[in-house]
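S.K.: Numbering-wise (the numbering used here), the sequence shown opens with residue 771 and increments by one.
It is possible that some hints are incorrect.
To be verified - In silico lysine to aspartate or glutamate, DMTMM-like type, Cα no more than 20 Å apart, as pairs:
no., residue 1, residue 2
1, 906, 794
2, 1838, 1817
3, 1266, 1107
To be verified - Estimated spans, in silico, between C-beta atoms of each pair:
no., residue 1, residue 2, range
4, 1935, 1882, 36 to 44 Å
5, 1279, 1635, 46 to 54 Å
6, 1945, 1892, 56 to 64 Å
Just so you know, these hints were derived from the structure itself, not from any lab.
Note that the structure is predicted; figures quoted are calculated from it, not measured.
Ideal Cβ placement from N, Cα and C applies to all residues, glycine included.
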Amino acid sequence: MFALRVYLCVLWCAGAALALDFYDYGPAYDSQLPPQNDISSSEIPLAVPIKFFGVTYDSIFVNSNGLLSFLTEIPMFFSIQFPLNYPIIAPLYANVDCSGHGHIYYRETQDPALLQRFNDRVYRFYPNLRAPFTAKSLFIASWLEVGYFPSGTDKVNTFQVVVGSDGSESFVELLYRPGGVQWVQGRGSSDRLPDARAQAGFVAEDGRLYTLRGSGTDQIQNLDRWSNTDEPGAWLFRVGDTGPMTNVEPPQTGHGESENLIEDSSCQTGAMSCHSRAECIDMDEGYCCVCQAGYYGNGRTCLKDQIPLRLNGKVSMSLNGVPEQEVDVQAYIVTADGRSYTALSRVPPAVGTDTQLISSTADVIGWLFAKSINNAPNGYMLTGGVLNHTAVLTFSDGQHRTTVEQRFLGLDVFDQLRMEGRISGTVPQVPHGSKLTLPDSQVQFHKISEGVVRSQTSYVVFVENSVEQYPVTVEQTLTFIEHCSSSPAESNLRLKSARTFISYEETENILRFASTNKVSSMTEHDDPCVVGQVSCVNNSHCIPDGATFKCICNNGFQTLYTDEVTRDYGCVDINECQSGSHSCDYNALCINEVGSFSCQCRQGYTGNGYTCQAVEQDCSSISCSPGAECIDSAESGPRCYCIPGFIGDGTTCTPNAEDDCLVCSSNAWCNRTSSGAVQCTCLEGYYGNGRDCTLAEDIVIRTCLLGVCWCPSGYMENGQICVREDSRPTQVPETTTTLPSQDNQEAVSCNTINKCHPQAQCIYVSVRGSYECQCNAGFEGDGFDCSEIELSCQDADICHLYAECEVEEGSERAICICYDGYQGDGITCYRTDMCTEDVECGDNAACLWSDDTQRKECECDPGYVMDYKICIKQGCEECHKDAECVTNPATGLPQCVCRSGLVGDGVEECVEQPLGCNVLANCAPDADCVYVSPEAGYRCQCRTGYEGNGFDCRRVTNCLNDRSLCDPNAHCEVTAESSYQCVCRSGFVGNGQTCREIRKTEGGFLLVNKGMATVRVPQEPSRTDPGRPIQLQYDQIAIGLAVDCVEGLVYWSDIAGQVIKSSTLNGKDISNFVEENISSPEGLAVDWIGRKLYWTDSGKDVISAADLDTGEIETIVSSGLVNPRGIAVHPTRRKVYWSDWNRAEPKLESADLDGGARNLLVYRDVQLPNSLAIDWTSNELCWTDAG
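Just need the whole structure built from these sequences, with the hints factored in.
M.R.: The following block contains the structure:
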C-alpha cells in the first residue's frame, strides 16, 4: 500500500477552506516596520523573557523577511538552506519586499482575553505537561499581504506568529490565513541561482533545527491547509524548556483530534501531497500524482522539461588501503538529451589514476536523468530524486572488489539534487598516467519488489594505446518509496549509455565521467526473466543478464551452495552483525533480523543507532568556585579549574598569596623565573618595581590614527614610544658614536675608533649605510652599554624575524641568534651582505665576496660599470660617427662626446647646435631667454604662471588665481614642485576638486569571510552578541576582504562570480564594484589616502588597482607572477606588498603604488605565503604561510 499518513485536521474540500481567526493586529494595536525591502526592528525589550531551546532571552527582533530573531537583527535575506547561524523563529522565511505591497506589525501584549485564548490552546493540545503553564505575555508579529522581491504585488502572503511565555516555558503558534501563501520564491539578485524557496521552522543557538512539513519545497504553499492541531493553517509547538539534546515538541499524542491519523486513500485528502505542477488522479487502489505536460518527476516533485540540473554532494572514499578521505561530487545534467557530466574533486593522488575504474559511481545519475524513449520513465520519474543506491564492482581477477553506496536526498531549496555516499574496497592498479575508455553499454533494470530495482551487467574497461584491459561485473540495487504503483511496462527498463568519457586530471586531483543516456521499456519478449523467474529459489529473484538471466539472492541474503557438482544453491540470511557489514555506529548495538538488521545506541548515548552521540554534561550545568572557570575538553569533559592567582581543586579555589602576578602593574608583564617564583617587570618606557610602574621621564606614548603613528614636536620615535631628541635612545643606536673624552669632537664611526661595549661589536647597517655598535646575542643595550638579557626567548617570542631561539653552548641559557647572512643581537638583525644571490643584483652583475668590505656585494660584469646601482656598458664602442671617446674627469671613465659645434648624447645623436634666443630674440612676450647648459645654450622659457615651449606661452589656470577649481570644503596649497593643488580641509576627503565629509563609522568589530558569507564579529564576543553575517550569498566564494574606513564601506572578492563587491559595514547597498577584466580576484587592500583599491588576480597573474571614486582600473604589475595571493598597502610609505604562492619559488615582493621600484623582500624560509597584514604599531609586515 502506498498511502501517506496525514493529520485528520486537514479539512478542505472542493477548494473551500475554513476561515482562520488571527490575533488582533494593525496600526491601532501595533508598531510597524517601514514599508521597504530588508528591514529590521530595533532591539525590543521583553516584559516577560522568552525561553527558547532552553535559553532565556530578554529581547527580540522582528525582521521583514518572515522571521523573529534573538541576539541580533537579521535584516537581509540570506538565500541559503536552513539552519541559519542564529536562534530564530521562522513562520515563513522568504525574500519579502514591502516596498511594493504589504505591512508588518508587531507588539508585546498582556491582554487578558488574548492570554486566555492562547492558554486554552496549550491546555487542549498539551495535557501532560510536567508543570502547569499559564502565559503571562504574548509577542505577536503579523505579515499582512506582503510581496516578494523585487517589489512584487501580483502575489502576496499573509501569516502570523504568536509567542507565549511565562518566563520559564514558551509556546509558539503559527497561523497561515487561507490562501495566505501565494508565493514561495522571490526573483533574487543573483543571475546564477534563484532565491531559496520559503522555509518555516525553528533554529536554536546551538544549531538544532526543526522544520515544518514542506519547508524549502514547492509544497510549503500548503501550510494554510495543513496543520498539527484541529484547524487548517494553525500550528502549535512547545519551544521553551526543551533540554540540551531534545527538539521542539509538537502537540502531545493521544489527545483529541490533533494526532488522530488516517491514511490517504483518495485525492480528496491526498491532493496536497502533489506538486503544484502535478495533477491528482484517483486510482482503483488509492491515488497518483502525475506531473503536468512540460514537467517530469514522480508527481510529488516535478521539474520543468529541458532545464539543466545540478547535483552536489560528498562521498567518503577509501580505496586500496589509502586512508578515508572526503571527496566533493558535482554533476551537471543536460536533461534535453540525457547527457550528464560528473566530477569528483580532491581525489587522493595515490589512487587517482586507479579511480577511473569506478565509473559506476556516475551510472545512477545517468539512470536518473536519461532521455525517455517512447514515454519510458527514467529514474527521477520513479523516485523524485530520493533513493538509496548500492553498486558492487567485482573485477575478473577475483582479488579486487569495491562497494559504492550513495544516498540521494532530493532537491534542495534551489532545485539542486543533494547526495552523500561512501566508496570502499580495492581496484586493480592502473599504470600511472593511463587514460581509460568504455565502449557503449546497456544495463537492464528489473523491478523485484515494490520500490526495489536491481541490475547486473559486465563490461570491459580498456587502456588507450595499450593491450591492458579490466573486465568487471557490476551489481546495482536501488531502493525508494514508490508512491504510485508502476505499470508492468514501467517495471523493467533498459538503459543505453553512449559517448562515455573517463578522465583523471592529475594536476587538480579531479576525476571526471560523462555519458549520454537513454531509457526504454522492455517488452515480455525482451525480458528473459518472464520465463526465468520460476527457476529462482526462495529469497532470490531474477535479473536479466544480456539475452539470458541470472538468479541472485535478495538484499540481506547470501548464496549457499548445497551441491558442488550441480551448483544447486539456497539463499540464507546474512548476519550483518557478525560479518561486520552493518552500518551501526561504534557506540551502538547491532541486532540481526531476517534479511536485515537494526541498530540501537548504547546506554549513555543517544541517536538513531546509525549515528550515536554521547550524552554529556556541559559547562552550563556545572557550578564552579568564584575563583574558577569551567573548561570543556575532549579528554576529560567539563571540569572546573582555578584561574591564575588562585589555587585549589577547581571546586574550591582560594587566592594564592605567593602569586605576585595579582599585584603586577597594568604597565608590567609577569614572568615566572626558573625557580618558579613570579617576577613583575615594568614595560618598556616605564620604571618601578613591577607592582608600581611610572611613565619614564622624557618619554611619551605615540599618537596613532588610521594606522599611522607620530611623535610630538621635539620627540623622536623609539619603538612604540617617543623620546626627547636630546636624550639618547634606549634601543636604537645612533649611526655614529661621539668620543666622550673630547667636547665638541666630530662624530666618528665605530669602525674608525671602536668605543663599543666588550659584549658588543661594530657592524655595518646597510639600511642606514653606516657602522653601529650592536650588543652580542644574549645581551641588550645601545651597544655602548650592554647587559645580559634576563628574559629567555623560550618564555617569550622576542627574537627578530631573521633570528631563531637557540640554547647557548656551555650553558642552559636560551638566546636569539641571527640567521646566516644577518648580524646583530638577535632581537634586532641586519643583513651582513649587500646581496645573497645573483638575481638580486640585476642584469650584467653578480653577487661576489669583497675582500675590502668583508661581505658580499653586487659587482658589475667585465665591461660594465655601476651607475646608481645599475650596471651600464663601459667604453666607447658605440659612439656616434660625429663623436669621439674622451675620459670623463668626474668618473675617470671613457665617454662618447659630440665634436665641437655639435650637441647630443654622443651615442644616438650629434647635431649642429641651433642658434639661441640670445641671437634670434624669438621668445614669446611672457617668456625669458635663459642660459641652460653648454650643450643646450640659450633657450626660451615661459615665466612663472605661464606654460608652453617658450615661443608660445599661455597663462596657467590654477587654484591660486581661480578658486572655483577647488571644492568649497578645500583650499589651495603649493606643492613641493612649486605648483598649486586643491586639498580637502580637515574632516573631508577627496581630490580637492570634489570633497566629501568623512563618514563617522562605528568600530570595535572584526570582519571575516567564511565562504559564502562575510561575518561581523565583535572584538569581545558574548552570548548576546556573538556576531552576525553582514552579507551571505549562496552562489559566491568570498576570499579577499578590505575596509574603507573613510567611506564606511567593505569590499570583498568573489572568485566564483569573478567579481569584487562592496557594501556598507552593516551589509546594506550591496553592489558589484569590479566585474570586468577580472578572473580570480583574491587578496584586497585599500589605499585610503590615494583612494584606490588594490587586488591580486591569480587567474590573470597580475596586480591591479581601481579608483574608488571613478572605478577606473589599471594594471600595476603584470609580469613575474605565478600565483599572487595576499596583498597589503602602506599609504604613507606609498608601497604595495604581495605574496606569490609559487610552489617552485615562493616569495614576498613590494613596489611603489604605481608598480615601480619593484623589490624582492622574502624568498627564503617561506613555502606557501598567503594573507598579508601590516602591524601599524611596529611598522612590520606580517604574513601567513600555509606550508
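S.K.: Check each numbered hint against the structure and report the violated ones by number, ascending.
M.R.: 6
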